[in-house]
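We have chain A already, so just place chain B on it with the hints.
As you go down the protein sequences, you meet chains A and B in turn. Take the first sequence: its letter number 76 is residue 76 in my numbering, and every next letter is one higher. Take the second sequence: its letter number 185 is residue 185 in my numbering, and every next letter is one higher.
Errors might be hidden in some of the hints.
As the list claims (entries may be wrong) - FRET-style restraints, in silico, Cβ to Cβ:
1. K139/B to A7/A: 55 to 65 Å
2. V179/A to E93/B: 52 to 62 Å
3. R154/A to H16/B: 36 to 46 Å
Honestly, the hints are just simulated from the structure, not real lab data. It should be emphasised that the depicted structure is a prediction, and the values quoted were computed from it without experimental measurement. The beta-carbon is built from N, C-alpha and C at its ideal position, and this holds for glycine as well.
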Amino acid sequence: MNSADTASPQWAAGVCAGVHAAGSRHVVYVPDNPLSHVLRILADRYPDIQTTLATREEEAFGIAAGLYLGGVRPTVMLQSSGLGNALNALTSLLLPYQIPVLILISLRGDAGEWNAAQVPMGRAARAICDAIGVTHTTAESPETTAETVHLVGRTAFGTRMPGVCLLPRRLTVPLATEVTK
Amino acid sequence: MNRLDATRQLVAAIGHDPGTPIIASLGHPAYDLFAAGDRPANFYTWGSMGLASSIGLGLALARPALRVFVVDGDGSLLMNLGSLATMGWTRPENLVLIVWDNEGYGTTGGQETATAHGADLEAAARAMGLSALTVRVEKEFGAAIARARTTPGPWVIVAKVRESGPDTKPPLDCVFIKQRFMAAIGTPEGATRGASIG
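With the rest of the complex left out, here is chain A:
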């Protein structure tokens, strides 16, 4: 497989491998366009990972908390716009109860964005994580995404705190810009 394979891009395969390697076997999500690649690969290649669609990001974190109480390592996937919908769940459930969740955020509003409505929340995502005390790490390249997701999950479940892996636009929706001069 290579990154030119649009059906299963390398970054998305890396996300799935990282989730699996971190021991997470249940992904609760609110979909977005890039994450559809992750969902397809999970469905095709990871029969031991369950997925549940939530109606809203806050609900996804509640379901994830219940999964953790029942002995499952949960992952939540969302778009950065949904981080705002989820803040009370993070700050009044996951953080005070020290409930670990591997959080994968498909970033909007960063380089490559075309939709002005996505920019303010995307720009604020890291500052919001910092303000509430949730660590965040950015997946920098298709080749390193599996390792980054794995490491963020290992730290989350090892320290029993939620941890965010940001998936920037340049990773999930790259342009094939050729240098001709």
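Just chain B now, kept in the frame of chain A:
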């Protein structure tokens, strides 16, 4: 019936099994659960209004052999009605959602909720494909619990209750609540088991 009496009835019916989890919505439902009978398998939320049913759903999916009870409030469920849709889709047979419907925000001063003005949570649950019923007296509530314990769910029991005005509160230490709960239901957290090296 008032909410504390109904909570006592619930704990009397199911509380003898130390491994049966009860998830409580923040504020008065949690306070009444504590007053009715503190037990390790009670999970008291101190925040995240609206998410008690979601926590119960996640737990029910993770542990299909456990019968999971949730005590929610009408105001809280109205904040997360999408949870009924997700319950209707995922359909865990072992989930029992009890909604204490006092038609008001009891914890914040008794402001009326939409259920005081026609909103019907039983109908909302049915519309999402769930088995649901409304009970108004102890005898009906007891029969509903017995049915929900022994027949496949998910069940939604809307219990019309009067406010009980609790005067005690559960433990404040959230990590203590979590670790005690997880040990009681048979999934002790790593921190309480000893860690592996590497």
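Now for the hints, and whether the structure bears them out:
1. For K139/B and A7/A, the hinted distance range of 55 to 65 Å is satisfied, since their beta carbons lie about 59 Å from each other.
2. Separation of V179/A from E93/B is about 59 Å and conforms to the stated range, judged on CB atoms against 52 to 62 Å.
3. For the pair R154/A and H16/B, the supplied restraint of 36 to 46 Å holds, since their beta-carbon distance comes to about 40 Å.
Violated hints are absent here; each numbered hint is respected by the structure.
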